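Undergrad: Sequence:
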Amino acid sequence: MDNIERKRKLQQFLLAVLLPWLLLLIFRVGVLCHDGEIDPDAFYHAKLAEQGPSVFLAKKFPALTMSIWKDHFSNKEMGFHFILWGLHRVGSAVGLKTSCPFHYYTMFCLALLLTVIAVTLIRWNIVCPWYYTLLFAGVYYAFTTRLVFLRAYLLSMSLFVLVICLLSAEELRNSKWRLAWLFIIGVLFSWCYSNPHFILFPTVAFAVAEFLADRNWRRLPILPSVALLGVITGLCLHPQFPNTWLILKVQCWDVLKMIMGSGAEAKIRGGNEFYFNSVYSLIRAPFWAGLPFFLAFLIWRWRKYWFQPCWRQRVNFNALLILFVSSFVAFLFFFRFIEYAMPSAVLLTALVAQGCAQAGKEEGGSQLFASCHLIGLYVICSYMLTVPSLLAITGNNHRPYTGIAEWAQRKGLPAGTIIANPRWGAFPMLYYAMPQYRYFNGLDPMFAYAYDAEKALIVEEMRTVSNILPPGKFRELTGAEYLHVSADSKALAEAVLRKGYTLVYYGWDGWMFEMTGGRGQGEG
Numbered sequence: 028m029d030n031i032e033r034k035r036k037l038q039q040f041l042l043a044v045l046l047p048w049l050l051l052l053i054f055r056v057g058v059l060c061h062d063g064e065i066d067p068d069a070f071y072h073a074k075l076a077e078q079g080p081s082v083f084l085a086k087k088f089p090a091l092t093m094s095i096w097k098d099h100f101s102n103k104e105m106g107f108h109f110i111l112w113g114l115h116r117v118g119s120a121v122g123l124k125t126s127c128p129f130h131y132y133t134m135f136c137l138a139l140l141l142t143v144i145a146v147t148l149i150r151w152n153i154v155c156p157w158y159y160t161l162l163f164a165g166v167y168y169a170f171t172t173r174l175v176f177l178r179a180y181l182l183s184m185s186l187f188v189l190v191i192c193l194l195s196a197e198e199l200r201n202s203k204w205r206l207a208w209l210f211i212i213g214v215l216f217s218w219c220y221s222n223p224h225f226i227l228f229p230t231v232a233f234a235v236a237e238f239l240a241d242r243n244w245r246r247l248p249i250l251p252s253v254a255l256l257g258v259i260t261g262l263c264l265h266p267q268f269p270n271t272w273l274i275l276k277v278q279c280w281d282v283l284k285m286i287m288g289s290g291a292e293a294k295i296r297g298g299n300e301f302y303f304n305s306v307y308s309l310i311r312a313p314f315w316a317g318l319p320f321f322l323a324f325l326i327w328r329w330r331k332y333w334f335q336p337c338w339r340q341r342v343n344f345n346a347l348l349i350l351f352v353s354s355f356v357a358f359l360f361f362f363r364f365i366e367y368a369m370p371s372a373v374l375l376t377a378l379v380a381q382g383c384a385q386a387g388k389e390e391g392g393s394q395l396f397a398s399c400h401l402i403g404l405y406v407i408c409s410y411m412l413t414v415p416s417l418l419a420i421t422g423n424n425h426r427p428y429t430g431i432a433e434w435a436q437r438k439g440l441p442a443g444t445i446i447a448n449p450r451w452g453a454f455p456m457l458y459y460a461m462p463q464y465r466y467f468n469g470l471d472p473m474f475a476y477a478y479d480a481e482k483a484l485i486v487e488e489m490r491t492v493s494n495i496l497p498p499g500k501f502r503e504l505t506g507a508e509y510l511h512v513s514a515d516s517k518a519l520a521e522a523v524l525r526k527g528y529t530l531v532y533y534g535w536d537g538w539m540f541e542m543t544g545g546r547g548q549g550e551g
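Here this note's numbering is used: the first residue of the sequence shown is 28, the next is one more, and so on.
I should point out that these hints are in silico values taken from the structure, not numbers from a laboratory.
In this text the structure is predicted, and so the values were computed from the model without any measurement.
There's no promise every hint is true.
To be verified - List of simulated lysine to aspartate or glutamate pairs, DMTMM-like, C-alpha gap at most 25 Å:
no., residue 1, residue 2
1, Lys-482, Asp-515
2, Lys-97, Asp-479
3, Lys-87, Glu-508
4, Lys-36, Glu-198
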C-alpha cells in the first residue's frame, strides 16, 4: 500500500467515525441530555467509575439490602467499569468534566464503537464507508436514542463487530491465531456484558456460512465452541467467581421468565425497554422497516450476479445474511436485539452495495442500482424522518437526588441508614448522590426476587399501590428507617401518607417518609 492509498483510507476512516460521532454529540448535548441523563443507569455506572475497583470488584455490595448483590455481588460489566474508571482518573487529572451529564464517558464509548465498525468497512474495501456509519447512527430513532445512553451494550456491540471483523478476514481463515483471538474475545465478552453467550450469534452464522462453502462437518462446531469456551473461562477467571454464575442465572433465566410472564416471576415488572413494542415503533421508522426489502430488491435486480453457482463461496455475505435475518426477526419480538440487528444490517448493506457495484461493472446497463451513492440517498431520506422524531423528545432527564442529599446532611443521617426505594429505578440517582446510605434494590427487580421472593413481592405491591403495610410492620420486615417515593409516584406518596408514614421531606427529587406515625410537616 503506497502513501496515497494510506492517506485515502485514513481520510475514509476519519469521515466514517467523525461524521456520525459529531451528529450524536450534537443530539446528546443539545437535545437529549443537556441538563441530565435520560437513562437512570448512567448514575450507577458513573458512581462505580468514581469509586473504583475497591467497590466494583468486591464480592459483596452492602449498599443494597434486599438484593442478591448484598452477599453475592458479581459485576457483570467489569470491563466496562474498568474503562470508565480509567476515563475518570484521566479526566479528573486533566480537568475534564466527569459529573452529570456524562458526555465524556458516553462519547468515548461511542467513538470506540464507530471505530470498530469503520475499521471493518475499510478492511472490506467498502466505498464511502461513512454512508454506513451514518446509516447505523440514524436510520432508526429508537436506536439512535439508545446510542447516547451510558450503557455497557456500547462495549458489547463493539466486541460483536470485532468478532465479525475477525471471522471475515480471509487471511486468518485457516490460522490458529483466529481461534486464539476468538477465545480472547469470548473472555472479554464475559467480563464486559451481562449476556456473554450472545457471542454465539456471529460465530454460529460464520460456522454455517463456512460449512456451506466447504461442506466440512468437523469444522462446523469449532467457532461457536471456542467462543463459548472463552466465555466459560472468563466467568471462571472473573475476580468475583463463583458469583458470576449465580448472577448469570438471574440475568439470563429469571429475567427471561419475568419478561415472558412465566411462573411467579411474572408478578414483577421489569424495565420499560423489556416491553417496548418493536413492531409498532416501525410505523415511525419506515426506512429501518424497509431496509430488508430494499436489500432484497437490490439482490433481485442483480440476481445474475448474486445467484451464480459459486454463491456458496461468498462466506462473508452468507454469514451476514444469516446474522441479519436471525437478529432482525428476534428484534421484532424483543427490542433489545436491536443491539445485534443494527450492526448486522449495516454491515450486510455494505456487502450488498459492494456486490451490486461489481455486478454493474460485469453486466453493464443502467448503473442506478449499482451506485454506492444510492445508499447515501437512502441515508439522507431516512434522516429526514429520524431528525424530527429525535427533536420531539423533550424533558424526562434524570439528575442526582441532591435535594434529598442536602436534607440528609442537615438532619445528620448516619451512614448505613437504610432508605427503602420501592421503585428500584430510583436507586442510581440515590446512590450517586448518597453512596453512604443503603437501599433496597437497583438496576433490575429480579435481583431482589432472587434474594427474597416474598419480600420482593411485598415491595412490588407497595410500588404499584396495591397493598401498603403500616410503617411499623414495614420497618420490622425490611429494616428500613426511611422511605423514598419518586416525584412521579404521587399516588404512592398519598397512599403511604394516609397509612401513617411521617412526611419529613418533599422536593423535585421525591418524598421522604419516616417509619413513624403522624403526618409531620416535611421540609421543602
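Undergrad: Hint by hint, work out which the structure violates, then give me just those numbers in ascending order.
TA: none
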